[in-house]
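Trainee: One letter stands for each residue in the lines below.
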Amino acid sequence: AASSRSRSEAKSGRTDLIFLIRFRHCCLLRNQRCVVAYLYDRLLRIRALRWEYGSVLPSAIHFHMSAEEVEWFNRYKKSLATYMRSVGGEEGLDLTQDIKPPKSLYIEVRCLKDYGEFEIDDGTTVLLKKNSQHFLPRWKCEQLIRQGVLEHVLS
Amino acid sequence: SFLQGSKLEIPLWLAKGLHDSKRRIISTELPKIYREAWRTVFSADANVVDLHKMGPYYYSFGSQLLNFDNPENPEIAQTILQTFISRFRRIMDSSQNAYNEDTSALVARLDELERALFRAGQKGLNDFQCWEKGQASQITASSLVQNYGKRKFTDMDG
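Residue numbers (this note's numbering), protein chains in the order written: chain D, 1 to 155; chain P, 1 to 158.
Hints in this document: simulated from the structure, not taken from any laboratory. Treat the hints with caution; some may be incorrect.
Each computed DSS-like pair below joins lysine-lysine, with the alpha-carbon atoms no more than 25 Å apart [said to hold, decoys possible]: (1) Lys-53/P - Lys-103/D; (2) Lys-7/P - Lys-100/D; (3) Lys-53/P - Lys-16/P; (4) Lys-140/D - Lys-77/D; (5) Lys-77/D - Lys-103/D; (6) Lys-123/P - Lys-103/D; (7) Lys-22/P - Lys-7/P; (8) Lys-100/D - Lys-123/P; (9) Lys-100/D - Lys-113/D; (10) Lys-103/D - Lys-78/D; (11) Lys-140/D - Lys-129/D; (12) Lys-140/D - Lys-130/D.
Keep in mind the model is a prediction, meaning the values are calculated, not measured.
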């Protein structure tokens, strides 16, 4: 009788242990899933920055990125640059330009903040002062518009 | 420690992890909207049900419920599917026809999956209207920049 009681106690003790181990493991896996989901979401946003904003990140964003994220961004940039150089012949092809189908070579832009001197292809410079309006080549302004310095004005 | 036979409410992810058809560590009880009484309501007219109040993740949670070996699983699966089918048409139509309107009343009774579908429909409609107005070629600022001005990045201490 004594031995069968201790056997059933051992068995229920083991069942308790199984439950406990499983419970803890569940919680650990859940925490891991949450952390990974968060980090992955950040990575997707960082990747989008290269396309939406440009290859140089604003310092405030950079400040909030981990060293691994900065490294990831740099490697992604490099990867993208290598690919873009390999397509479109001699000069390569900047895929991050003309994301929206262009209608004209030159566009009207308004300055949203003071930016300073801006050089156009033929050597002339333009002073980008807040609220000033200019008629400029699309490919030169695209990045500044995306960065919120200029505003694309439709006629 | 837990006494055998005790009953408590735990999150789905925990129940899924503890569930084991062979070892029978836990047994699960169906939440009421997936039970027979409510299933009858859904099959009568799924369009009148406020799935946001009932859910708000009626479809995804219901699909996850099928992981537990409940004998009612085939009926539950069937109800979830039929509910989606009967509600979808109205959601699709309204998402394609409500332009520049206040859609909060429409959206209030949708579960999260339906809301995502509605938003996708609205985005398609808005993009098309934008194109029709000749605005599709307008270069816009990065959404990051737009949010930037509103949010102040505070320095972290330590």
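Trainee: For each hint given before, does the structure comply? Return the numbers of the non-compliant ones in rising order.
Mentor: Hint check: 1, 2, 5, 10 fail, others pass.
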